[in-house]
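For reference, the chains in residue letters:
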Amino acid sequence: MVPLEHVIGLSAILFTLGVIGVAIRRNLIVMLMSIELMLNAVNLAFVGFNRVWPEGPAGAAGAERALDGQIFVLMVITVAAAEVAVGLGILISMFRNRDSVNVDDVSLLKW
Amino acid sequence: MPVEVLIKTVFILIVVVAALAPVITWIERKQSAVMQDRIGANRADVGGITLLGLLHPFADVVKLLSKEDVVPEGANRIMHLVAPVIAAVPAVVAYAVIPFGGVYDFGGEPLSLVVANPDWGLLYIFAIGAIATYGTVIAGWSSNNNWSLLGGMRASAQMISYEVTMGLSVVGIFMVFGTLQLQDMAQAQDTTFRVFGFLEYLGLHLPPWLGRFPFVLPAWGIFLQPLSFILFLTTIMAENKRPPFDMPEGESEIIAGYHLEYSGMRFGLFFMSEFIEVVVIAGLVATLFLGGWTIPWISQEAFIGAVAPIFGVGFATGLCLVVHFASFMVKVIVMIWLQMALRWTLPRFRYDQVMDLCWKIILPLSIANIFVTGAVMLLVRGQP
Amino acid sequence: MTFPAFLFYTFAALAVLSAVAMLMNVRNTVAAAMSLVITMVALAGIYVLLEAHLVAAIQIMVYAGAIVVLFLFVVMLLNLRSDDFAPPRQRLVKLVGALLGVFVMSELLRAFGGLPEFRPPPEGFGGYRQVGIALYTDYVLLVEVSSLLLTAAIVGALILAKRKID
Numbered sequence: 001m002v003p004l005e006h007v008i009g010l011s012a013i014l015f016t017l018g019v020i021g022v023a024i025r026r027n028l029i030v031m032l033m034s035i036e037l038m039l040n041a042v043n044l045a046f047v048g049f050n051r052v053w054p055e056g057p058a059g060a061a062g063a064e065r066a067l068d069g070q071i072f073v074l075m076v077i078t079v080a081a082a083e084v085a086v087g088l089g090i091l092i093s094m095f096r097n098r099d100s101v102n103v104d105d106v107s108l109l110k111w
Numbered sequence: 112m113p114v115e116v117l118i119k120t121v122f123i124l125i126v127v128v129a130a131l132a133p134v135i136t137w138i139e140r141k142q143s144a145v146m147q148d149r150i151g152a153n154r155a156d157v158g159g160i161t162l163l164g165l166l167h168p169f170a171d172v173v174k175l176l177s178k179e180d181v182v183p184e185g186a187n188r189i190m191h192l193v194a195p196v197i198a199a200v201p202a203v204v205a206y207a208v209i210p211f212g213g214v215y216d217f218g219g220e221p222l223s224l225v226v227a228n229p230d231w232g233l234l235y236i237f238a239i240g241a242i243a244t245y246g247t248v249i250a251g252w253s254s255n256n257n258w259s260l261l262g263g264m265r266a267s268a269q270m271i272s273y274e275v276t277m278g279l280s281v282v283g284i285f286m287v288f289g290t291l292q293l294q295d296m297a298q299a300q301d302t303t304f305r306v307f308g309f310l311e312y313l314g315l316h317l318p319p320w321l322g323r324f325p326f327v328l329p330a331w332g333i334f335l336q337p338l339s340f341i342l343f344l345t346t347i348m349a350e351n352k353r354p355p356f357d358m359p360e361g362e363s364e365i366i367a368g369y370h371l372e373y374s375g376m377r378f379g380l381f382f383m384s385e386f387i388e389v390v391v392i393a394g395l396v397a398t399l400f401l402g403g404w405t406i407p408w409i410s411q412e413a414f415i416g417a418v419a420p421i422f423g424v425g426f427a428t429g430l431c432l433v434v435h436f437a438s439f440m441v442k443v444i445v446m447i448w449l450q451m452a453l454r455w456t457l458p459r460f461r462y463d464q465v466m467d468l469c470w471k472i473i474l475p476l477s478i479a480n481i482f483v484t485g486a487v488m489l490l491v492r493g494q495p
Numbered sequence: 496m497t498f499p500a501f502l503f504y505t506f507a508a509l510a511v512l513s514a515v516a517m518l519m520n521v522r523n524t525v526a527a528a529m530s531l532v533i534t535m536v537a538l539a540g541i542y543v544l545l546e547a548h549l550v551a552a553i554q555i556m557v558y559a560g561a562i563v564v565l566f567l568f569v570v571m572l573l574n575l576r577s578d579d580f581a582p583p584r585q586r587l588v589k590l591v592g593a594l595l596g597v598f599v600m601s602e603l604l605r606a607f608g609g610l611p612e613f614r615p616p617p618e619g620f621g622g623y624r625q626v627g628i629a630l631y632t633d634y635v636l637l638v639e640v641s642s643l644l645l646t647a648a649i650v651g652a653l654i655l656a657k658r659k660i661d
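So the sequence lines, in the order shown, correspond to chains A, B and C.
For the first sequence, the working numbering gives the first residue as 1, with consecutive numbering after it.
For the second sequence, the working numbering gives the first residue as 112, with consecutive numbering after it.
For the third sequence, the working numbering gives the first residue as 496, with consecutive numbering after it.
Do not rely on the hints blindly, as some may be mistaken.
Capping the alpha-carbon separation at 30 angstroms, the derived lysine-lysine pairs in DSS-like fashion look like this [to be verified]:
id, chain 1, residue 1, chain 2, residue 2
1, A, K110, C, K589
2, B, K471, C, K657
3, B, K178, B, K141
4, A, K110, C, K657
5, B, K174, B, K141
Residues from chain B shown here face chain C by an in silico Cβ test under 8 angstroms; the list is partial [stated by the list, open to error]:
id, residue
6, L234
7, A241
8, W252
9, M264
10, A268
Just so you know, these hints were derived from the structure itself, not from any lab.
C-beta: ideal position from N, C-alpha, C; glycine also.
This is chain A alone, in the form it adopts within the complex (with noise of 0.2 angstroms):
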């Protein structure tokens, strides 16, 4: 298999591709999708790295803890699920609003 920091450079790449998508679109839904992208990547790097240390963390309550890193992904998941939920439910009120989903037309609180 590849080297490790073949997989976290990927995750990286990809972070980066993310957080270049919340900056440079103005639509509310690419952002969205960018930030599940972010969150990808960094399941990415959560499950690259429980792969190399697969009999958990040195110490005594190592062998419980050897799957932290599919649990948090887990977890990433479900909090990704929800803010996805919530974040839709925004946009569908501010399309209502305002008619558009462009972010440059909630600008009434910019100085």
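Using the hints provided, position chains B and C relative to the given structure of chain A.
Chains B and C in isolation, oriented as in the chain A frame:
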């Protein structure tokens, strides 16, 4: 090893996709005709010989291939082209984990009649079902048509709701069989169990005649988990948009919903993928609940043990393979018949009725099923 | 190159290309969502290569199969059409910032010297049985709290999207 997988894949593609799906088209027409007291389609003939309408699927293929492929104006061409493919591929790929027969030992490596038997077999089916949603959604959106969009939206909501309940309704079966591998589940149904056996655990003593045939049933999923069978059949028919849940498809009863703007072989792909999914549903329900490839009351060892002294072990194993495969196909055909009968008997659900059914009735019932199964398992086995 | 390594590089290239396609696809939001699906499925393939089978199945079932469908549902509901990039000067500033982030990250990666090698995992690692046992014995509190979180999200989404509060 890869050669074996390739042979099994080609066999499944030929037997199921190429041979069974057209036959199901014929079954649908003839069964609906018989149920509605009419003759049905029987005009397609070759040189004057009509085979009761068995040639109609070929006539269908010729017609669909020779029609013009229309792409509506203003539609997204790439999405319009890709959507039937996204709908058809998961339907065919789902056969990879359905076992057509058991594990047979011909002296060398044991031959297992399933293409792939991964550790998480049933999760694969759910994941593939999740991907199949996109075919419908993209077809509905890319047609640049209000009715298609409406059909696609309703389809997406219906399919993702029923995915949840589909998973929950078979948790009872996982708990009873203890495995997610479909081949192992089918093998676990190869035995029998005493129907009134649970009375022993309540302290009553069982008379011996109550422990023999016919109070001994094969350990099929439908006898061990009857509620799960009903819930799973309902949810997987709704997931694949089979009638009576075909709200996304025939919603206005005149306009065809998400595959409105499709003609020619692209519509043929949607049409075929629906019938391939009928066989997937039949195969899954047969494997999980009807004992798969097993014969009721006669386990594999009993069969081989009975035939081997007369004809030899190799022949006995081969005969057992053929009998098991035939048993599986019989169960699949019975389930196909049942789905067709349900289609032509029940009226279509309204959209809010479909959502109500999923979230308010099936979800609580499947969670209750999990609790009851856990309680009974704790009672019977002493551990959940 | 062994077969798993070849698969990994294929999936990695697919993931990066479809992520770029998602960002560059200005005119068509639905195409951007489909590119995100391709990224997620490629990542699920990489999870299988990294022996995280349950996580891969859940990634396809939940992430690619429900969350992105929800995005598509909202796009179709609101009938969203095209979109533009940010005005040039703002975009330039943000792009420079993002590139700085890339630079920092690459420096961090270069500092990675002593990462351990892949060792063969124990039997059943990443399978549903072990993860399930770990979830419901050691981390049962996490499961319960996440159920509370999901309930809060459902109630929040309902209230946000209601037409009027009565």
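Now the hints, each set against the structure:
For the hint linking K110 of chain A to K589 of chain C, the alpha-carbon distance of about 18 angstroms falls within 30 angstroms, and the restraint holds. At most 30 angstroms may separate the alpha-carbon atoms for a hinted pair to count; K471 of chain B and K657 of chain C meet this at roughly 20 angstroms. For the hint linking K178 of chain B to K141 of chain B, the alpha-carbon distance of about 25 angstroms falls within 30 angstroms, and the restraint holds. A distance of roughly 27 angstroms separates the Cα atoms of K110 of chain A and K657 of chain C; the hinted pair therefore holds under the 30 angstroms criterion.
Of the supplied pair hints, the one linking K174 of chain B and K141 of chain B holds, its CA atoms being roughly 20 angstroms apart against a limit of 30 angstroms. Taken as an interface hint, L234 of chain B checks out: its beta carbon lies about 4 angstroms from the nearest beta carbon of chain C, inside 8 angstroms. Proximity of A241 of chain B to chain C holds as hinted, the smallest CB-CB distance being about 2 angstroms (cut-off 8 angstroms). Taking 8 angstroms as the C-beta contact cut-off toward chain C, the hint placing W252 of chain B at the interface holds, the least distance being around 5 angstroms.
Taking 8 angstroms as the C-beta cut-off, the interface hint given for M264 of chain B holds, the closest approach to chain C being about 5 angstroms. Interface hint at A268 of chain B: satisfied, since its Cβ lies 7 angstroms from the closest Cβ of chain C, which is below the 8 angstroms cut-off.
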